[in-house]
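> As you go down the protein sequences, you meet chains D and G in turn.
Going left to right, the first sequence walks through residues 1 to 772 as this note's numbering numbers them.
Going left to right, the second sequence walks through residues 1001 to 1157 as this note's numbering numbers them.
Hints may be right or wrong, so weigh each one.
Claimed, not checked - Okay, the calculated bits of chain G under chain D, using three or more residues with CB under 8 Å as the criterion:
hint, stretch
1, 1036-1049
2, 1077-1087
3, 1102-1109
4, 1123-1130
If you're looking for bench data, these hints aren't it; they were derived computationally from the structure.
Bear in mind that the values here come from a model prediction, so they are computed numbers and not experimental data.
For every residue, glycine included, the Cβ atom is placed at its ideal position computed from N, Cα and C.
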Amino acid sequence: MSTKWFGAAIPRRQDARLVRGEGRFLDDIVLPRMAHVAFVRSLHPNAALGAIDAATAMQVPGVLEVVSHADLGEAGRPFLQLLPHHGLASATWSALAPGRVCFAGEAIAAVAAESFAAAQLAAEAVAVEYRTSAPIIDLESAQRPDSPLVHPDIPRNLAMHMVEQCGDVEAALRSAPHRLKERFRITRGGGMPLEPRGVIADYDLNRRELTVWSSTQEPHTVRNTIATMLGLQRHMVRVIAPDTGGGFGTKINVYPEEILVPWLAMRLGRPVKWVETRSEHMLSATQEREQIHDIEVGFDESGRLLALKNVFYHDMGAYAPRGGAVPHNTSAALIGPYRIPNVRSEIAAVYTNTATVSAYRGAGQPQGVFVIERAMDRIAAHLGRDPAEVRRVNTILSDAFPYDTGLTNLLGGAVEYESGDFLGTLDKALELADYAGLRARQVEARKAGRYFGIGIANYVELPGRGPWAGGGVRVEHDGSVPVYTGAPSQGQGHETTMAQICADQLGVSIDRIKVLAGDTALIAHGIGTFASRFGVLGGNAVRLSALEVKEKILRIAGEMLETSVADLEIEDGKVSIVGVPDKSLSFEAVARKALRAAGPDGEEPGLEATRYFKTSNITYSNGTHIATVEVEPATGQVQVLKYFLAHDCGRVINPMIVEGQIMGGIACGIGNALLEEHAYNSEGQLQTGSFMDYAMPRAADMLEIHMVHQETPSTLNPLGIKGVGEAGTIPVPAVICSAIEDALRPLGVKINEAPLPPFRLWKLIRAAAKAA
Amino acid sequence: MNVPISIKVNGVERQAEVEPRTLLASLLRETLCLTGTHIGCDTAQCGCCTVLVDGDAVKSCTMLAVQADGCSVTTIEGLAQGEELHPVQKSFHDCHALQCGYCTPGFIMSSVELLEKYRDLDEGRVRELLEGNLCRCTGYNNIVQAVLSLAAERGRT
Ligand code: FES
Ligand code: FES
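Assemble the whole structure, with the sequences as input and the hints as a guide.
Next comes the structure, spelled out in structure tokens:
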């Protein structure tokens, strides 16, 4: 097979529509007789609910219905746990709060009205009686016996306690020549897709069919959950994800509104629409990252790690829609590209009265990388060695693959790196950055009294999450080729990358291919788009289907040309006899033959296949990031100057798209490192309820990025793809904090937390000055 | 009490009767079905809703429809000439300056304005001038590149 398309920087095929403003996002959909919904959301973080009085609200002109949990019946029960981790004390949300609320912003009642304005007005008029309790917000004290409880039936708010280990950490620490202990903290942020969440539902009373549009990363999971919660058969529910304006994990979970809106549509017998406001999003969409780590490392003179012990607290927020996936990822990401013979990682995941925590780009991995990379810098400083060299002596060598880290991943499999060249990315990044030159520049800068720092961080990403994904390929009678999958794109560009894979495998121009996704009617099963998984799994599924269709084309063409399949070749949508190029058949001709009654014996009609690719384990991408910063100690202002990286995500389908993913990921990471923080006060009220208070990177916060690709194919799938969606984000807080600490070394400032907005860094600088 | 207004939208005179509280963004999206103008926030921070009002880039969520009475409004739908993309639209496509495309109409409208208004654009200036628009997907660099490449082209002609 020639790879004409795979690996090429093909311009994106969906752009033409999007740049014209012809995207069709959820809020653009209008159905006749559509009613609108607004929610009454809890003002308190921890309260039992008393009477809910809707009398005044019902007087608002245009109001159709006000419902609370008591009206929902079976549809009001808690959702099923999607990832029932061993030992998980599971708490899942319900379509509306069942008698008590666990965070400020939880939906208590829903108002349906003729217009959104009327629904909003009426929602404000619903009177709710609260019997409030003290909330628990602080992660560390949540486990204390006297702490308030988020869920009365879950003692000490403990959602999950898990220990992962290999070797004998205590013995290794005892005998290690050097030991260090540190505490690291990462605070909360959010995915913040620019398109808010939204749901539209339409129930056909005659056919008993429910159609739901949702701005979701997982239409099939939404379908399955709706069917379960509303007592419908799956095939009677169709879920469509229209164009979706970003996801980043925020849209992976099935939210309460995705049950409530369909339920209302069935009850009212008319279409119902809900689109959240940004303020609502800030309060009720999932968030992520808050963790505290207490680590101890043991190492030798050269900086080689002998033991790593880590105990960490993870904030689950109010509910656990996906078990302990995020903290488990942190634990798995902790080792990075390093050989660490003795590891003990202990997770204590606790519930708090804050918005639910679930995956956001990186899903626990940025925290793990932050911890190990901060430790690497401390080891280097302790020994007076170069931080790049300390990383080098610890790096797993290329002959060690597959490399079993001794830990397990969230699906219960081994964290086993299938292939890689970890020193390769380290060396390439150091060379790209001219590391020696940067160090020389630092000497000059310091002489001039400037605080110039160089940061470095390695990471191993856990993309390509299994177990499977599906993709179908069809050749139509006119030679056009629809490719359909179960996973929608929120900007990743599947419309282009899946077409590239299909074009090569089938032997057809990409111009004939149209990728369709995000509709459960297209394909029976799907898991969705998250965890950098779809390129890996969906791509390989599309390959299987394309190959199956190709074989059928060859068989039928062989009969038509009266020649053996072995003598045929396919190029550019034509089948010809090898060496006799003028004797050829178009795909159209073969497709028509396949559909005619007089098609070949034994062949079923049509040219179509739908295959699923199942993987035996997660794939592992890796890379090295280097950043330079200059810090202004008088203000705590950090200017990131330059950014270099070398990364390896296996075989690259489309380098332009991969670079785009990485640059976008870095922006998210810059937010986590310097700007973004979702803050709750001790009363459990969100202090960052809008884009005015929640600072995200803007164009001026981004900087020059230089990158090189290294391609070490995955051995877990025939295309050799590893996945890249989160790679840009994962090491950024680590590398920026590494650079800041390096810049401020003359002042003795230690960076143990992220993010570092100027005020926080200024306080650290001042504290260090006082201590000196 | 509805108020009659008359606005030229993408070159066509449009009449409407609007409630005084109607935002220009809602008029465009809901009444005129021009859904390329997007809504990303409720505090005038994201710029997804940016349109041109008499040539100025305006966040249409911050302006009442009645304030636009008598004005000429250009939305993302008004840029391309039939099949032919506006140079800024084309540049965004060529530079891979969009991923999900939700912020894109707003960025394109802001970019059209700044290319129109400012002569000597360098990278720093473009980054500053795009301060009013948020993008969560691209990391901005390709957007800045899309604008700079047009500025450079203009410099050559
Ligand atoms: S919608 Fe965000 S600025 Fe107008
Ligand atoms: S392209 Fe998605 S927000 Fe900008």
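> Any of the earlier hints contradicted here, and which numbers?
none
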